[in-house]
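Peer 1: Residues per chain, in single letters:
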Amino acid sequence: MAKIKYIEFNGTEHEADVANGLSVMEGAIQNDIPGIDADCGGGMSCATCHVYISDDEWLKKLPDKEMGEDDMLDQAFEPKSYSRLSCQLIVSDDLDGLTVHMPEKQV
Amino acid sequence: MIKTDVVIIGAGPTGLFCAHQLGIIGLKCEIVDNLDKIGGQCIELYPDKPIYDIPAVPECTGEELTNNLIEQIKPFNFNFHLSDRVQELKNEKNKWLVKTLNGKEFETPNIVIAGGVGSFEPRKFPTKSAEKYDGKSVLYSIKDKTIFKDKSVVIFGGGDSALDWAIELSNSSKVTLVHRRDEFRGAPASVQKIKELSDNKTIDLITKYSIKDIQGNGSLESVEIKSETGESKVIKADYVLGFFGLIMQLGPIAEWGLNLNKKTIPVNTENFETNKKGIFAIGDICTYPGKLKLILSGFHEGALAARGCFKYARPDEKYRFEFTTASSTIKDRLGVKE
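For the protein sequence lines, the chains are A and B, in the order given.
Residue numbers for the first sequence follow our numbering, beginning at 1 and rising by one.
Residue numbers for the second sequence follow our numbering, beginning at 108 and rising by one.
So that you can see chain A by itself, here it is in the shape it has in the complex (with noise of 0.2 angstroms):
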């Protein structure tokens, strides 16, 4: 289990106990949070639910991108250095404490 920070485009904050094997994005997909939308519902073939890590620290404790999310962050809404894929995110007790921030908008 691990506690997420979801912080909306508009500063909104979010918080969400998910359980361990879920990815973030189904954390907020379950949670009803807004400003994820994982239109292909989790399978790395659209950018809609893109997040950027601010926090350097964390950027760098997440697993490696898989082949395949980078090219698909191509195709998000402003994607940036620090963009992930919330969707390849899974949970496990060492992500306790993360903050995602969700871009202005997915689509």
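Hints in this document: simulated from the structure, not taken from any laboratory.
Just so you know, even glycine gets a beta-carbon here, dropped at the ideal spot from N, CA and C.
Keep in mind that the hints are not guaranteed to be accurate.
[To be verified] Straight-line alpha carbon distances no greater than 16 angstroms define the calculated EDC-like cross-link-like pairs of lysine to aspartate or glutamate that follow:
id, chain 1, residue 1, chain 2, residue 2
1, B, K110, B, D143
2, B, K231, A, E104
3, A, K61, A, D96
4, B, K144, B, E228
5, B, K315, B, E290
6, A, K80, B, D289
7, A, K80, A, D70
8, A, K80, B, E275
9, B, K211, B, E195
10, B, K340, B, E362
11, B, K235, A, E104
12, B, K369, A, D32
13, A, K65, B, E290
14, A, K80, B, E290
15, A, K80, B, E335
16, B, K333, A, E78
17, B, K231, A, E78
18, B, K315, A, D70
19, B, K400, B, D160
20, B, K315, A, D71
21, B, K319, A, E78
22, B, K343, B, D320
[To be verified] Derived contacts from chain A toward chain B, CB cut-off under 10 angstroms, selection only:
id, residue
23, G42
24, S45
25, A47
26, T48
27, E78
28, S81
29, Y82
30, E104
[What the hints assert, rightly or not] What the simulated footprint calls covered on chain A by chain B, stretch by stretch (three residues with Cβ under 8 angstroms from a Cβ of chain B suffice, anywhere in the stretch; the number is not a length):
id, region
31, 32 to 41
32, 65 to 76
Given the coordinates of chain A, work out where chain B should sit on it, guided by the hints.
Peer 2: Only chain B this time, still in chain A's reference frame:
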């Protein structure tokens, strides 16, 4: 005006298999899709990616699945209306009058929405200033490449469309290619070619930059780009092209008075009808307790929705369940000889 039993919106796997089921039970349908090809997400998002969870098919690609589904409905000779989008629905005396963007009209008792997550549209630049020039000098697809002759063209993107057009237009235009990172996702041969063109100064290649602003006075004059570390550059441009792939938009579906739950349409699980009589929703676009966004679920939903359509298309007939193995009527419809 085309009269038919069912209009299917969406030519992805779910829509195609629903068409098959309609053909099996003796109904006619017309299929409309916004893309210029059949296959939906399977063909647009992952034509080469293997799929492992189609029942009895251990492994197939999105393209193979699509081709097999097309083959399976061939006997029924259904019409496809591609590069078109259903725009308006009107109910008249238990019939739906359907109008498309290209001006086609259908009269039908049934509509099956198999629209995935909506229709595919190009992702546009996030900058407000780009809107002013949209369709004139800011473009997301190319219809006539001769307009770029001897012009300055700035292309954004790192996939095949961006690379292919940068290579093609470099013959007769001054091309600058801008991408947000050093790696490209296009075909290795194209990436190699781009590097050569950049090395011999045929094109300007700028990486780790993205668009900041578009400037002009009536006509487009330049585009300003920014790096993440705050640097910016201004590049003279007659045309700015963006190739960031496609996004999915619900579009007009949201305006038909259907109940919506986020971007999905709630349905019953008996025949996948929506809150509107004669409008069914199947596949990724429908929702119900326990919904799984799997292709196999879409097949099941399409089979039941097809039976739901029968009731309105043949109000005076009783639907009779038959197996394809045993029914000579079905074999006739399929055109198979016994």
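Peer 1: Which numbered hints turn out to be false for this structure?
Peer 2: 1, 8, 10
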